[in-house]
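> What follows is each chain in one-letter form.
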Amino acid sequence: MIESFTLTTGFGAWNALFWVIAFVIAFIIGWLIWLRGEKVYDTSKGSTAPFLSGIAEPDKKEVHIRAGNLYWGYNDALSGYYKFVKPFHTGNLSDYFLAYLLVTAIVLIVVVVLK
Amino acid sequence: MSSFLITLAGVVLVTIFGIVAGLFLMGVDRIFAARMQMRQGPPLIQPFIDIRKLLCKDSVVPENAVPTLFNAAPIVAFASAVTVLFYLPLGSILPVGTPLPMVGEYGDLILIMYLLTVPALAMVAGGFASGSPYASVGAQREMVTMIAYEFPLAIAIIAIAWRLAVAGIAMPFSVNTLAANPIWTVAGPLGIIGCILLLIVLIWVTPAELSRVPCDTPEAETELCGGLLVEYSGRNLALFSLSMAAKLVAMAGLSVLLFLPWNLSPLIGLTGIGAAGVDLVFFLLKVIVVMFFSVSLVRVIMARFRINTLVSIYWGWLTTIGLIGMLLIILDGTISIGGCL
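Heads up: the sequence lines are chains A and B, in that order.
Just so it is clear: in the first sequence, position 66 is 65 by numbering that gives the first Met the number 0, and no numbers are missing.
Just so it is clear: in the second sequence, position 299 is 298 by numbering that gives the first Met the number 0, and no numbers are missing.
Mixed in with the good hints there might be a few duds.
Stated by the list, open to error - Below 20 Å or equal to it, Euclidean Cα-Cα: the simulated PhoX-like pairs (lysine-lysine) are:
(1) B:Lys56 x A:Lys38
(2) B:Lys52 x A:Lys38
(3) B:Lys56 x A:Lys44
No wet-lab data here; the hints were simulated from the structure.
Put together the whole structure using the sequences plus the hints.
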């Protein structure tokens, strides 16, 4: 029955139904292992407070990671690239259209040369 | 109906194999690392003891946490890591469902590539659900790490599948195709050099996928006290450890599938269950070799990357090496079909 849900592309195949069934079985096995663990925990002596190496928890607004900082490592590593491409984003539609034409021309030249 | 039951049995057996083999590999890794540092190291069964111990410990849910998501994330991470194993051949034991009559494949390399991201996404969700500043920074780093290693990994997989397709082999992304047609036997001299470069790329992607040194920036004990796992303890931490163990088998198994898919049984003339057993042991040996070079050796000789350095290395150096490897494979494929650039 599962086989009829297999999508074969000629390059590969995948069956969403099998994935769902397999995931559910693996989830149940994981859940059974999880159930065997200790269920109760001590809530006294501040054990449920966030661990901050003994420092009192600052106000949540102070430690909140803003969306702009979410990909800091990525943005910082590619800062040279961003520095290069930012000036091109002038907000002028004619500039964007010119860039589009330029890239299309390069792609067409490459395709013709490769042919 | 019987084929369905056999498939279900296969799923359960592979799950158990993933847990046992993963914890065994973690034990081997710890012994390798200890020996290289002139230490005795823990016993081989230490990861099993650790899981048992964690299941006996309190599993504290922090007061700032979102309890449902906090508790669900480790189970989802475990289930998704184990699911990858259903699509990988274990020696001559083909992926779940494949050996049954009239049953096709259930997944290919593209699916495996996507599934490998799910455990990491579950860890990110768990980290943000912890309500801890350390865990939030760790989750943020995990997301950036994922972006960093996905591109080189995709280059390696697509280049190899493309070369198989050029050789006229049907279903090039199929794991069974890759297992039956080792890339080394298909590629010419240029392609082989390209494959060596892609192997180097995959060896470096493995520690990033597993968040191991030098790519353990999301956990970073000395800076973030465990990062996205800082608030996890007891059974939740046990499930995350099991998911990492299963992912270790999956990543090393993927490298074996792409670059070392040979089996021992055809050489010694074995068939049936004996062949499956011998090939499974041989598969584990290959996995240990891959793990030694991509995890144990690397984590002993290197220190942790900063998160921006990690992105620079993966998007800069490794992507460039991968693209050169891919270009060589394209040249090799073009020459093989008598074409010219």
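> All hints, please: hold or fail.
Hint-by-hint comparison with the structure:
For the suggested pair Lys56 (chain B) and Lys38 (chain A), the alpha carbons sit about 9 Å apart, so the restraint of at most 20 Å is met. Between Lys52 (chain B) and Lys38 (chain A) the alpha-carbon distance is near 14 Å, which keeps this suggested pair within the 20 Å criterion. Under the criterion of a C-alpha separation no larger than 20 Å, the hint pairing Lys56 (chain B) with Lys44 (chain A) is consistent with the structure, at around 17 Å.
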